[in-house]
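Construct all of the structure, not just a fragment, from the sequences and the given hints.
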Amino acid sequence: MTPTTGTEPAPTAQPDGVPLLLAALAGQYDRWRWSPGLSPDVVGEALGVALTPGPARLMGRDLLGAVTSIPTQPYPVRWHWQLDGRLELVQLSQPPAVPSWPEVIDKLGDPTVVHPHGSGVFPGSEQRCYLSRGLTVFDGAGLGYQAVWLYPPMTQEAYAERTGAFTTPTRSR
Amino acid sequence: MAGPKQDTPPDRSRPTSRQAIPGGHDQLDGITPAATAVTQQSWLASLQRTAGNGAVASLLAGQARTGAIGPSPHLQRSPAIWSASPAVGLVAGYAGSATYWQPIQTLVAAYSALRADDMAGRSRTLRDLETAIARWRAHQAGGWWTSALDAQKEAALVTIEGLFATEESEVAGTRTTADLGNRLATLFSSSTRPQHGLVVASRVSEDRLRAALQSPTKLAAINAVLTRNPSAGLPAGLTPVRAFLARLAQEIAAPTTAGVTASDAARELRVEQILTPPTTRAARAAAAASGGPAPTFQPAQYYEDLTTALHAQMMSNWAWAGPMDARAGLDTAPGGHVEGIAAEAKRRVDALYGMFGSAAAPSMTFSAGTLEDRGTIVGDPYDMARWMVREGGGGDAVGAVQDAHHSFEDATAARAIEDRVIDHYSNRSAPAAPNEIAAMTGTGVAGAERARRLGVIDRMWPGVQTMGRVSVAARQGATPAATRGIYWGLFKTMIHEYLHTTAHPTYNAWYGGLRDSHHVTTYQEGFTDLFTLRTWQSVYPQEIRANQALRTTVQGPADTAVDMAAVGGAPSHYPELTEAIALENYFGAANMKAAYFRGDTAVLGGGRLPR
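Residue numbers (my numbering), protein chains in the order written: chain A, 56 to 228; chain B, 828 to 1438.
Heads up, a few of these hints could be off.
[Stated by the list, open to error] Pair ranges (Cβ atoms, derived):
#, chain 1, residue 1, chain 2, residue 2, range
1, A, D139, B, G1086, 37 to 43 Å
2, A, P126, B, S1042, 47 to 53 Å
3, B, M1142, A, R116, 40 to 46 Å
4, A, K162, B, T1268, 25 to 31 Å
5, B, N1262, A, T107, 53 to 59 Å
6, A, G92, B, L1096, 55 to 61 Å
7, A, T107, B, R1108, 51 to 57 Å
8, B, N1262, A, D161, 36 to 42 Å
9, A, R116, B, R964, 56 to 62 Å
10, B, G1339, A, G92, 33 to 39 Å
Source of the hints: derived by calculation from the structure; they are not laboratory data. Yeah, the Cβ is synthetic: ideal placement off N, Cα and C, and Gly gets one too.
Pasting the structure below:
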């Protein structure tokens, strides 16, 4: 895997993460900014659902996990929090973009790093990582945008070690 | 034929023949002619004489096991056989006290009258008889002298006790694992005959014994039977089970270190030999024998041949996945039926591997996202095609093409072509070279439609694990009987996929760095298949027959039937299970568990493999 690197705008501090989370969940991914207050209770209240996160594990770390269905996303949204309630990872599958994917991609600017397709959790997609935003767009070319991930701003090393983005699905035979 | 080979819906593609498992299913209950110096034919004849036609028929009809230490638990004894023993007649004929001797007579006679299938009665009577004999002996020990009649009684009782172990073995096959563990612990610690527990244990497979005894609460009993039965002088037939129990005791006492050994140069070399695919070894040997050049990767027509094979593989999977996609779903509510099966699968895996690391993995639940119904996902055409080429080709059309082109001899060059086939076939991108356009056009299915079908196949795939999430296809069968089979298939699939979630991240990263897909698949899937098989063998068939709670968990609360046809045989597996077993035989299960569950990859000895 030979990633290519680029530049992206520096993130701005956000006092309240909920409106930006809801905007991102509605397809405005360029508005996403992580906030330390996005706990399961806060997110559940914002979405109007009762989240009951349970034990989960990601890359050897014990976390809390939950799944919700929301009107703005076509497939269930997967959530991971750290045990202290800080949001760790949000996974959107085949997400729509508002107003459109080309415009959102344009607003996002250059990604921090692009990991080519061929391996990883969605091996058909290149991973366009906006690490200081805490956002990855999984671009499957002819297969469409396969996923969007939201997470805290982090380094490339932390991205590989914490998110599981480079693990490959295993199958029964 | 390609595709998911779990024993689930009858209309899914299935292997045309079971993969041979060394030391496993293709043997007669773990008893080989080579191991016993008895031919299968003569052994069966002997079995027929001692246990009757029913036992032989049952044995031949039943699935064989892996890891059996001694004769099969399928061997059918019955109280009728017991009653034919001369010792039973002798006991009945000797006069004795109403307090100590006559209870023994009553129980010996009562056992003879029990029905063969009255396992509870047989178990209870044997226990009572053992107690009565102990009381008689205790009374005798307090006497001033021993008469000739007392000596005759003692001789008859010794013979009766000889029958105990065989009867116990039969009964053991009908006990739940928990009951078996408790009974063995009692026999190990306090049976009047030191070898009694060993004899019963010798009739139980290693995996079932592990499930029954692998607990710190059983360690004292295991150590007791080891102390009561020193290696020296032990009958040869009991030596293997004693060795196993000694190893088990060490592992219970020190699960992270017992049996774990460092790699060395010899291991590095041997592991590399084991992990060379059989077809590659054969091709190299043939070339060497003929004096010709060593086989090399043949890139010409590789793209075309691979495309044709991949298309055949996709179409065979489409034949079952399309209809399955149209069926109704199963109960995937949080806390519902499917989640209960997942909990049972975890419980069974952790019974064998929990102390080595598996138990730390979270439970599989829909609400936490550690369990998923694949019917709710979008499906990934690219990953489905990637799997068919990279991991699932062994033994199928794709694998045959890879063998024919000697792809193993240059993994990098082969992979470059495979990448293009996967891209183009899944419609991620369009081919540009004329030969590649022609190959894709030759499939007769447009790229968008190929992608759609691959997506459906992916959604209906029996089991996938990603990022600690077990994802299963939970669809009903065409009939209630088929659905019952699907539940057992889910149980097997969840054992396998749950095991993946327990693999240490360091282990996953280690094999992920290997260049050749055969090497990767051996560590990723072969090891998982081996642990899956062991777990399955810890419950199949005795626990499934004996434990109604297990059956209702898997089949549903309203379905208590014992339907071994629906249960099916051992979980299907990757061909690389063969290599995993070879590695286990070479450097031991302890090293495999150290790497898989705890990330101690240095013990595996794969440092020479291409990266």
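Okay, the hints, checked on the actual structure:
As the Cβ distance of D139 (chain A) to G1086 (chain B) is approximately 39 Å, the hint placing it in 37 to 43 Å holds. Hint check: P126 (chain A) to S1042 (chain B), Cβ distance near 49 Å, so the stated range 47 to 53 Å holds. Look at M1142 (chain B) against R116 (chain A): about 41 Å separates their beta carbons, and that is inside 40 to 46 Å. A hinted range of 25 to 31 Å for the beta carbons of K162 (chain A) and T1268 (chain B) is inconsistent with their spacing of about 39 Å.
Evaluation of the 53 to 59 Å hint for N1262 (chain B) and T107 (chain A) yields a pass: the beta carbon distance comes to about 55 Å. The beta-carbon spacing between G92 (chain A) and L1096 (chain B), approximately 57 Å, falls within the hinted interval of 55 to 61 Å. Checked against the given bound of 51 to 57 Å, the beta carbons of T107 (chain A) and R1108 (chain B), roughly 53 Å apart, stay inside it. Our hint of 36 to 42 Å for N1262 (chain B) and D161 (chain A) holds, since their Cβ atoms are close to 37 Å apart.
Judged by the Cβ atoms, the range 56 to 62 Å given for R116 (chain A) and R964 (chain B) holds: they are separated by roughly 60 Å. At about 36 Å, the beta-carbon gap between G1339 (chain B) and G92 (chain A) stays in the expected band of 33 to 39 Å.
Violated hint for the displayed structure: number 4, the only one.
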